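Trainee: Line by line, the protein sequences are chains C and H. Heads up: the first sequence is residues 1 to 333, going by my numbering. Heads up: the second sequence is residues 1001 to 1309, going by my numbering.
Please note: incorrect hints may appear among the correct ones.
Said to hold, decoys possible - What the simulated footprint calls covered on chain C by chain H, stretch by stretch (three residues with Cβ under 8 Å from a Cβ of chain H suffice, anywhere in the stretch; the number is not a length): (1) 99 to 107; (2) 174 to 181; (3) 191 to 204; (4) 224 to 237; (5) 250 to 260.
Hints in this document: simulated from the structure, not taken from any laboratory. Values in this document were obtained by computation on a predicted structure and should not be read as measured data. We put the CB at the ideal spot given by N, CA and C, even for glycine.
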Amino acid sequence: MTALQGNMQPTYELEFERPLIRLEKQIEELEASMRAGGVDIGPEIRRLRESHTAMLRKIYEGLGPWNTVKVARHPGRPQTGDYLRLMFKEFTELHGDRHYGDDPAMITGFGRLGSHKVMLIAHQKGKDTKQRIACNFGMAHPEGYRKALLKMKLAEKFNVPVVTLIDTPGAYPGIGAEERGQAEAIAVNLREMSRLRVPIVSVIIGEGGSGGALGIGVSDRTAMMQYAWYSVISPEACAAILWKTGAEAEKAAEALKITAADNLKSGTVDEVIEEPLGGAHRNPAVAADRLEKWITQTIRELKRFKIENLMEKRFEKLRGLGDVTEAAGSRQT
Amino acid sequence: MAESAHSSPPGNNEPRATAGGASADAESPSTLVTARTWGDVTEPKRVTVPAGLWTRCPSCEAMLYQKTVEQNLFVCPDCQFHFRISAGERARQLCDQDSFEPMWDKLAAVDMLGFTDVKPYKDRLVSEQKKTRRPDAVVAGSGYIKGRRIVLACLDGQFMMGSMGCVVGEVVTRAIELATKENLPLVVVSCSGGARMQEGALSLMQMAKTSAALARLDAAGGLFISLLTDPTTGGVTASFAMLGDVIFAEPGALIGFAGPRVIANTVRQELPEGFQRSEHLLKKGFVDRVVHRHELRSEISRIIDFAGK
Ligand SMILES: [Zn+2]
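Same shape as in the complex, but just chain C:
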C-alpha cells in the first residue's frame, strides 16, 4: 500500500497522475467492498496494484522537466518542516537576525542529525494556505538571508557543520525586500559562505530558484533530490522574458535544463538523491531516510579534511564552474 501512504493530499492532483489516482480509487473501493461483503476479490486487487506500480514506474521514468517542476511543487511533497520531524532528534530554532525581524521563510537553528551536531539553515514554504502565506511561499526577505549568515557564523565559532535545505521559487521581489538590500544580503552570503571555516552541505529538496536558492547554497557538497529543480530563473519568469508569455513555461523548463540529472551533468550539483518510486510525496519517510543518510555520510567524509584543505577544495570547485572557449569567433562559423 505504499502508493497510498504518507501525507499525500488527495485533493491535489497532478494532471499526469490522474490515471494513477483513478486506479487508486478503484483499489480502495474493492478493498472496502471486500471488507464489507467478504467476497474474495484478492487476486483482482493484487492485479490492480501491480498495474498501479507499473504505471507509476512508467510515468516517473519519462517525467519531463515541466512535470518535474510540478512534482517539486506538490503540496504533499516533504518540506523542511517534515524533514525536521522525520530526521532530527533535536532542534533548537534560533530566530534572531539582530537587525530587522524574523523571517519565517528561513528557518535556522542547532539540531542533531544522527551522531552529528549541525546548524540547519532552511527555506520553509508551508503546506496549507495559512502556512504558505505565513512563510511567504518560501520566498525569503533580506533579513532571512542575514539571519542565515549570522547563524552560520555562530556555527563557525563553535565548529558545528552547516546543513542547508533549499526550497524556494526565488528570493522575494518586493518593495521592502529591495529597500532592505535583497541583492546585498545574497551577495554577502555568497562571499562569506565561500570562506566559512566549517563544512557546509546543501540539498535542494524542492525548488532551487535562482539567487534565492544560491544565497544559502554555496557548499562543499551539494545534492539534489531526484525530482527537485534548480536553475538561474524559474521557468515561468524565463518564459515571460524570452517568449514574452508565461504560458511558454514548459518550453522554458526544457531549455533551461533544470532537472537533477542536468545539474549533475553540468557540475552545478555533486550528487542526486534518489526519491521513492513516484516521488517523495508518496513516501516522505523513505525520502527523509535517504536524505538523512546522504547528509550524515557526507558530513562524516568532510570532517576528515583539515579545514584549510576543505576550504581550498570548496574554492577550487567554485572556481572551476563555467564553460568558455579561448577562441573568440571561431566557434560560430
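Dock chain H with the ligand against the given chain C, drawing on the hints supplied.
Mentor: Frame of chain C; chain H with the ligand shown alone:
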C-alpha cells in the same frame, strides 16, 4: 536649448555636474526617471549612441548636437541625464589616455545547453558579436587612472543586456585574481540585466565564483571599487556589484535585485517614485556615493589614495 549645449566645452562642466549630483534628492529624480521602465532593460531598443548629427535627450527632450554629447562624456548638458555607454567607451572615459590594455578578450561563450527560445542562443551570440564587435558582454584589462595603475572590468550593456554568463563570470574573476596577485586596486563597472538565462544554472554559479574570488581579494587586503551604472540588476547586483569596499553609482541608474515590472506584478501596487534609483539606494544606505560621470576619475583616485593603494 540645444544652442547652449554648443558652448559648453568638455571637462569644463564642474559647476553643472555638482548641481546635477547635489540636487538629485530634491527635484531631479522626476526628470531623470521619465518614462523609463523595466522594458528598457529587457529590450535594449533605446539607442545609446544615436547615429546622425542630432540626438534627443530621453530625459529633457532637448535636441542635442551629437558631438557635444560625446565630448560631454555622453551626459546631457542641459539636464545631466547620463546616456548609456558601451564598455569600450567606459574604459576610454575612465582611464588615462591610451593607457587601457585589454586582456582576456578572446574568451567567448559556449552554448552548452543548446538553448533555443524564439531564437537559438548560438545565433543570438553571433548577431550580438557582430553588433558590438566583441566576443561577450565584458571589457577588462589594466589601465591608469590619474597615474594610478588599476585593474578594470566593465560590463557591456549593449551585448545581451550585459548579462552574466560564463564569459563575464570568468573575466571578472580573472580581473579579481589579477588585482589580488599584483596588489592593484580593482574597479568593476556594472551594467547588466542579471545572470544570462541561456546558460542555465552555470550562469548562476558565476555569482558564487566571482564572490568567492572577492573573498580572497578581501583577505589579501585588496581594494575593490564597485561602480553601478544604468541598469544594474539581478545576479550581477546580488554578487560582485554589491560587494565593493566602496560602492559608487551614477545618477539616476536603475539598481536592484528584481526588475521593477516583476516587483509591480508581485506586490500589485504602484512603485514609489524614484524607487530602485541610485539616489534612493543612497538614502537607504546601499550606495556610498552618487557620482556624476565627470567626477568619476577624481573620486575613484581619491578612494585609491585613502586606501593607500
Ligand atoms: Zn537632457
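Trainee: Now look at each hint and say whether the structure bears it out.
Mentor: Do the hints match the structure? See the list:
1. 99 to 107: Check failed, 0 qualifying residues.
2. 174 to 181: holds (count 7)
3. 191 to 204: holds (count 4)
4. 224 to 237: Since three or more residues must qualify, the claim that chain H covers the stretch 224 to 237 of chain C holds, with 5 doing so at under 8 Å.
5. 250 to 260: Answer holds; 6 residues pass the 8 Å Cβ test.
In this structure, the one hint that does not hold is number 1.
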